[in-house]
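> When you read off a place in the sequence shown, starting at 1, and then add 14, the result is the number in our numbering.
Source of the hints: derived by calculation from the structure; they are not laboratory data.
Hints may contain errors.
Stated by the list, open to error - Taking lysine to aspartate or glutamate and the EDC-like style, the derived pairs with C-alpha atoms no more than 20 Å apart in a straight line are:
{"#": "1", "residue 1": "K114", "residue 2": "D143"}
{"#": "2", "residue 1": "K114", "residue 2": "E57"}
{"#": "3", "residue 1": "K88", "residue 2": "E127"}
{"#": "4", "residue 1": "K114", "residue 2": "E82"}
{"#": "5", "residue 1": "K114", "residue 2": "E127"}
{"#": "6", "residue 1": "K88", "residue 2": "D163"}
{"#": "7", "residue 1": "K46", "residue 2": "D24"}
{"#": "8", "residue 1": "K114", "residue 2": "D129"}
{"#": "9", "residue 1": "K88", "residue 2": "E73"}
{"#": "10", "residue 1": "K48", "residue 2": "D70"}
{"#": "11", "residue 1": "K48", "residue 2": "E82"}
{"#": "12", "residue 1": "K48", "residue 2": "D24"}
{"#": "13", "residue 1": "K46", "residue 2": "E57"}
{"#": "14", "residue 1": "K48", "residue 2": "E73"}
{"#": "15", "residue 1": "K46", "residue 2": "D89"}
{"#": "16", "residue 1": "K114", "residue 2": "D136"}
{"#": "17", "residue 1": "K88", "residue 2": "D109"}
{"#": "18", "residue 1": "K88", "residue 2": "D129"}
{"#": "19", "residue 1": "K88", "residue 2": "D24"}
{"#": "20", "residue 1": "K114", "residue 2": "D147"}
Stated by the list, open to error - Derived Cβ-Cβ restraints for the label pairs, each shown as a range:
{"#": "21", "residue 1": "R159", "residue 2": "G110", "range": "21 to 29 Å"}
{"#": "22", "residue 1": "L148", "residue 2": "T17", "range": "34 to 42 Å"}
{"#": "23", "residue 1": "T17", "residue 2": "A181", "range": "42 to 50 Å"}
Ideal Cβ positions, reconstructed from N, Cα and C, are used throughout, including at glycine.
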Amino acid sequence: MQTLPAAFVDTMRVLTEEARRPLFSWVLTREKIKAQDFVGAVELRRGATGIRSLSDYVEMAIYNLASEAERRLKDLFDRYGIAGWQANATIRLADGTPFKADFLFAARRLIIEVDGWAFHRDHAVFQADHRRDLLLGAAGYQTIRLTWDQIVNRPAETIRAIQQTLAQEPVS
């Protein structure tokens, strides 16, 4: 019998890139499969048809990144020497309510969210994001929301704004 990570990798191998992206994001953000299990299943299939096309996904899994936009932002962090972040980190409020942060700079209590149009054009998602920002703000976290355009087409401006925010004292 095939394991869930193995079945997932076999499915990813045959899907189009357009179909892979949302599936990968959904499976990893909902922790249906652990990142290390995905990487291991890919390694076991080294040389198989379609496995090389998963190399970007292996990198994303290693760094716990859920989307191409998150991968590109991580690459910008690397290029500009921005450290101290954790991808897709869980933050728990005092009452135990959990929230996932695309990127968390825990020492600075700064959250960076990457907002894709396909996911964030839904009214319920829009409302949930704003509720989340309100509750995390009340708990002392600052949130920066970025778009694909800001990451891909205006990287220097975006990184400069992040660096300036990181250099500031946290709002208490």
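> Would you mind marking each hint as holding or not holding in the structure?
Going down the list of hints, with the structure as the test:
no., hint, verdict
1, K114 to D143, "11 Å, holds"
2, K114 to E57, "28 Å, violated"
3, K88 to E127, "12 Å, holds"
4, K114 to E82, "17 Å, holds"
5, K114 to E127, "10 Å, holds"
6, K88 to D163, "15 Å, holds"
7, K46 to D24, "15 Å, holds"
8, K114 to D129, "13 Å, holds"
9, K88 to E73, "11 Å, holds"
10, K48 to D70, "16 Å, holds"
11, K48 to E82, "18 Å, holds"
12, K48 to D24, "16 Å, holds"
13, K46 to E57, "19 Å, holds"
14, K48 to E73, "14 Å, holds"
15, K46 to D89, "26 Å, violated"
16, K114 to D136, "18 Å, holds"
17, K88 to D109, "31 Å, violated"
18, K88 to D129, "15 Å, holds"
19, K88 to D24, "27 Å, violated"
20, K114 to D147, "11 Å, holds"
21, R159 to G110: 21 to 29 Å, "25 Å, holds"
22, L148 to T17: 34 to 42 Å, "40 Å, holds"
23, T17 to A181: 42 to 50 Å, "46 Å, holds"
The earlier numbered hints that this structure contradicts are 2, 15, 17 and 19.
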